[in-house]
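Visitor: Sequence:
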Amino acid sequence: MNNYKLFTAATAVTIAAVSVSSPSNAESVHSFTDVGKNYDEAVSFLYENEIINGISPTKFGIDQPLKRGDAAVILANALGLDTESAPDAGFKDVNKRIKGSVNALAEAGIVSGVTKTEFKPDETLSRGAMAKFLVLGFELQEYETETPFTDVGGVFAPYIEALYGAEITSGKTATSYGTHLDIKRGEFSNLLYNTILFMLEDFYFPVIESAKVTSTTSTEIVLTEAVPPEYSARETAESFFFSVKLKDGSETDFEPTAYTLSADRKTLTIEHKNYDLNGKEGIMVIDDWETVFEAPFNYKQVSTTTSYNVTDETFDYTHLLPATEGTAI
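Counting with mature numbering (1 follows the signal peptide of the UniProt record, and there is no 0), you get residues -26 to -1, 1 to 303 for the letters of the sequence shown.
Just so you know, these hints were derived from the structure itself, not from any lab.
Possibly wrong hints are sitting among the right ones.
Said to hold, decoys possible - In silico DSS-like links for lysine-lysine, alpha-carbon gap of 27 Å or less:
hint	residue 1	residue 2
1	Lys221	Lys274
2	Lys146	Lys186
3	Lys186	Lys158
Claimed, not checked - Now the in silico label distances, taken between C-beta atoms and shown as ranges:
hint	residue 1	residue 2	range
4	Tyr233	Thr32	32 to 42 Å
5	Asp56	Lys90	16 to 26 Å
6	Arg208	Gly253	23 to 33 Å
7	Glu245	Lys146	30 to 40 Å
8	Lys66	Ser236	28 to 38 Å
9	Asp227	Val196	17 to 27 Å
10	Lys70	Gly128	47 to 57 Å
11	Ser5	Thr188	31 to 41 Å
12	Ser189	Asp62	39 to 49 Å
13	Ser189	Leu155	18 to 28 Å
14	Gly10	Ala148	56 to 66 Å
15	Asp238	Lys90	45 to 55 Å
16	Arg208	Asp250	15 to 25 Å
By construction, the Cβ of each residue, glycine as well, lies at the ideal position given by its N, Cα and C atoms.
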């Protein structure tokens, strides 16, 4: 999995989560009796958005060490990774519950095993390893900065420094991070929640107003507001997923080959010369994680139609396109 896909995966979960519940307004939505006020907002948010579960219907396990297998499931949920189709990473000691999550994280380059064939899912996760999980998962490497911690060194140092630079963690004490200590389930919940908040506050998420297929190799996307000057056309486009559904029922995902922003930075034009629509009929699908936009096209008859937003990804040709002799075109 490349950086483009990792970025959009992380973007997906943060936007999806906000659409369900606002972090600042998170309230207790669980029945865990061991979650105190220092953890309640984070646990409530993650639980409500189906990122994390308790160890029983009434216990979250706040003070219990987090196991590597459980951490993999939680992080894969948070990143919205495809746990069904990821290739087998080759670990022989992962059960059905965690296998898909571990495979997806391994494919993304976020986790590795203790050996080539062992993931050690029942071993506890250290605070240093947790930092690596979050930094690689949410692509926070650029925030690496020097810390005041005297116990930071070795392979986990750059990841701890990145979490510190992003102000996601302040350590166990003013001078100690606790690199080799086990991360507790409550601590991990707070750190993951802080990471999601950081993503929401620090990153720009473009929102689509409308879209139109303008030629067989280009599509125009109108945004609700101008793209900030520090973001390029490519970075803007990388916040979306693009696919084409043809009338014959086939569907193909693609990545644009070129990107251009208008002078007012409100219109993004993408080129898809790698997927020419000449001779084809169907819809261009653009997902900005809040809404799926569908722009019908028919280059069998050389015509284009401006898109509207839909609530799901189903498409009824008889509803959207004019009929000829009772047949949708």
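Visitor: All the hints need checking, so say for each whether the structure fits it.
Guide: Going down the list of hints, with the structure as the test:
As the CA atoms of Lys221 and Lys274 are separated by approximately 11 Å, the hinted pair is consistent with the 27 Å bound. A distance of roughly 52 Å separates the Cα atoms of Lys146 and Lys186; the hinted pair therefore is violated under the 27 Å criterion. The hinted pair formed by Lys186 and Lys158 fails the criterion: a straight-line CA distance of about 49 Å is larger than 27 Å. For Tyr233 and Thr32, the Cβ-Cβ distance of about 51 Å falls outside the hinted range of 32 to 42 Å, so the restraint is violated.
Range check, Asp56 to Lys90: Cβ separation about 23 Å, and the 16 to 26 Å hint holds. Under the hint 23 to 33 Å, the C-beta atoms of Arg208 and Gly253, about 28 Å apart, fit the expected range. Separated by about 51 Å at the C-beta atoms, Glu245 and Lys146 break the suggested range of 30 to 40 Å. Between Lys66 and Ser236 the C-beta distance comes to about 54 Å, which lies outside the given range of 28 to 38 Å.
Against the hinted window of 17 to 27 Å, the Cβ-Cβ separation of Asp227 and Val196 comes to about 22 Å, which satisfies the hint. Between Lys70 and Gly128 the Cβ separation comes to about 34 Å, which falls outside the hinted range of 47 to 57 Å. The hinted window of 31 to 41 Å between Ser5 and Thr188 is violated, with their beta carbons roughly 53 Å apart. Restraint check, Ser189 to Asp62: a C-beta distance of roughly 42 Å satisfies the suggested window 39 to 49 Å.
The supplied range of 18 to 28 Å is broken by Ser189 and Leu155, whose beta-carbon atoms lie about 58 Å from each other. About 23 Å separates the C-beta atoms of Gly10 and Ala148, a value inconsistent with the hinted range of 56 to 66 Å. Separation of Asp238 from Lys90 is about 53 Å and conforms to the stated range, judged on CB atoms against 45 to 55 Å. Checking the proposed 15 to 25 Å range against Arg208 and Asp250 shows it holds: the Cβ atoms sit about 21 Å from each other.
Of the numbered hints stated above, those contradicted by the structure are hints 2, 3, 4, 7, 8, 10, 11, 13, 14, listed in ascending order.
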